[in-house]
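Protein chains in written order, with our numbering: chain A, 1 to 113; chain B, 1 to 500.
One should not assume that every hint holds.
Facing chain B, according to a computed beta carbon distance under 10 Å, are these residues of chain A, among others [unchecked claim]:
(1) N18
(2) R106
(3) G113
Beta-carbon label-pair distances, calculated as ranges [unchecked claim]:
(4) B:A477 to A:R98: 52 to 58 Å
(5) A:A9 to B:G320: 45 to 51 Å
(6) A:A58 to B:R480: 32 to 38 Å
(7) B:L485 to A:R98: 47 to 53 Å
(8) B:M462 to A:R73: 53 to 59 Å
(9) B:G381 to A:D61: 48 to 54 Å
Hint data in this document are derived by calculation from the structure and do not stem from the laboratory.
Don't be surprised by glycine CBs; every beta carbon is placed ideally from N, CA and C.
So you can see what is in the structure, the chains are spelled out below.
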Amino acid sequence: MAEIWSDPAAKTSRDVFNPPSESEISFKDPSSCGDPECGRPCLVVCPSGVFEWHGGEADPDEVRSVALARAGRLIAVRHERCLECGGCLYLCPRDNIRFNYPPGGRGVIYVHG
Amino acid sequence: MVPRRPGRKSRRPRPWRKAVRRLVLGAVRAGAGALLGYLAERKPVAPAQPRADDQQTRASIPNRYDVIVVGAGPAGNTAAYLMARWGLGVLLVERGPVPGSKNVGGAAVAVQIWQHLVPELLPAFFEEHPYERILTRQEYWVMAEDYLVNLGVQGPGYARPPYNRVSALKARLDPWLAGQAVAAGATILTGRRVDEVIKDGGQAVGVRVDRGVGDDGRGTREFYADVIVLAEGVNPIVSWKAGYLRMPSAGGQSLYVKETMALPPDEIERRFGLRENEGAVIALYGYPTAGLNGTASLYTYRESLGLNVGASVAGLAKAGLNPNQLLERVKAHPSIAALIRGAETIEYSAHLIPDSGFNGVPKLAHPGALIIGDAASLVNGTLGIVPAMVSAKAAAAAVVQAKTVGDFSERSLRQYPRLLSQTFAWKDLRLNRLAKGYLDTHPHIFDTYARVVTQAAHEASMVYPDTSRQRRRRVLAAVRRVVPLSRLARDAVQAAWVEY
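All chains, please: the whole structure from these sequences, using the hints.
Below you can see the structure in the form of structure tokens.
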């Protein structure tokens, strides 16, 4: 049970979403994510795990591939589970994350708040 | 899914059903509130009528108003309510399907503040009950790994008028307050995201909204007004795009996560030692933020508990921590685990709180536009939404004045920051302005002094076969193991200087 609850993505299964068809969250320059020097805090800090590592077993701190990053195959953006806190706007050391709220009526619907 | 314990009543979580029920109930409550308000107090002044030159719109609402409020949160709702009550034609635009659906809070409503700002709302507030519990127990826990020091006040006196604080859920409080604005004559447009401020030269003259769910694309998207009141909340994207402010830095925001957990009311009352309808709020320091400057708190609602924890975005990134890890750690602390045992998680939410205080407040008045609430960094850790509502009232008064003289220039709207600067909330924010810088240069000060408090208290509590003088020496030694006395004295002087 501890493993389930330590995964923030599992917790968001308790929430109500009306996901938008397109993501309002994206990387301004995807190839920039190919360099691990930023420390990739987006993979760590996002409360709902929107930024998902696609490098498999490889250590995010080690993998260096501009090509994979440009193709969007290094860090996936799971916008459908975004809790719209906006933390990613401030997270990226390279200011490489574009964030906007989803269109009106879409996204997370807090029932308790 | 979480495995069920044997013997537990079978109850599969059905978030959709519950969500729909709450949305419907919220709409019904808002509608009932509007009807009651309409019957109780007919407005002598009708909202602005659509002009002859307005475009034919598919939306059934006019597209011209005296003022447009962006965001139906505490600040936006308060401003919309007051301006509508004072006779202006108000359009309140909210991107969520229902006000509150995009908001997260502790939260606590300070009754004395409402008495000060919107006293006429209090009778309905207590009758219609958009709050959760009347807080009769308020505590501060300084926590170590396996013990804690607590201090607080409690008693039935808090459950009698004039009251102090009540706990509230944003998803119930916001729609109620928006309903009051509608009852006072405001028009509300939900499920529409404001995309940008429409400007004529440098003057804000309207807003452009997006299409909204189910819109076939032919509905109007431009709405015009003399003044735009921006109450967007902590990520003021529209204000930023309009060039009214700079987005804050990672060090200027704290990231909070919250878990709402269901528990039967009588069980809540039993565990927290409460009478019916009474509530508790516990502020948690030390252990919960794992060395970072930040806070955590535990709230009781009518049939659930709320546990939140947060720290600065920069601090979390530097430490390589996900805020959910902090949350799980707090939940596992024996003293917290005992209080939340068996409570099923019914919501997980995340929200930023502006951290810069006074130093983060941008230019508040612009040609045809004002910024209020979290969007203007007008928020306070202890006062919560109070600065938002105070700023809303000051802005509302300034807009009414501007309308009276027909001057919507920046110079005229500067009445808002002028009025705001005379309020207790502004003065308090200003008095605490050095605290942020102090915390930035002392990133572990919360943790250091949490350890001083807990270890000193723990040492003082232990009974050994020694004299009281020897015990005092033990306590002092425990303190010095955490921080040398010279540094403690220096920190105390600095903290006093910053505070006073």
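Hints, one by one, checked against the model:
1. N18: 7 Å, holds
2. R106: Given a least distance of 6 Å, the restraint on A:R106 holds.
3. G113: Holds. Min distance 3 Å.
4. B:A477 to A:R98: 52 to 58 Å: 54 Å, holds
5. A:A9 to B:G320: 45 to 51 Å: Taking Cβ atoms as reference, A:A9 and B:G320 lie about 18 Å apart, which means the hint is violated.
6. A:A58 to B:R480: 32 to 38 Å: At 47 Å between Cβs, range violated.
7. B:L485 to A:R98: 47 to 53 Å: 51 Å, holds
8. B:M462 to A:R73: 53 to 59 Å: Hint holds: Cβ distance 58 Å, inside 53 to 59 Å.
9. B:G381 to A:D61: 48 to 54 Å: 34 Å, violated
Violated hints, in rising order: 5, 6 and 9; the structure is consistent with all others.
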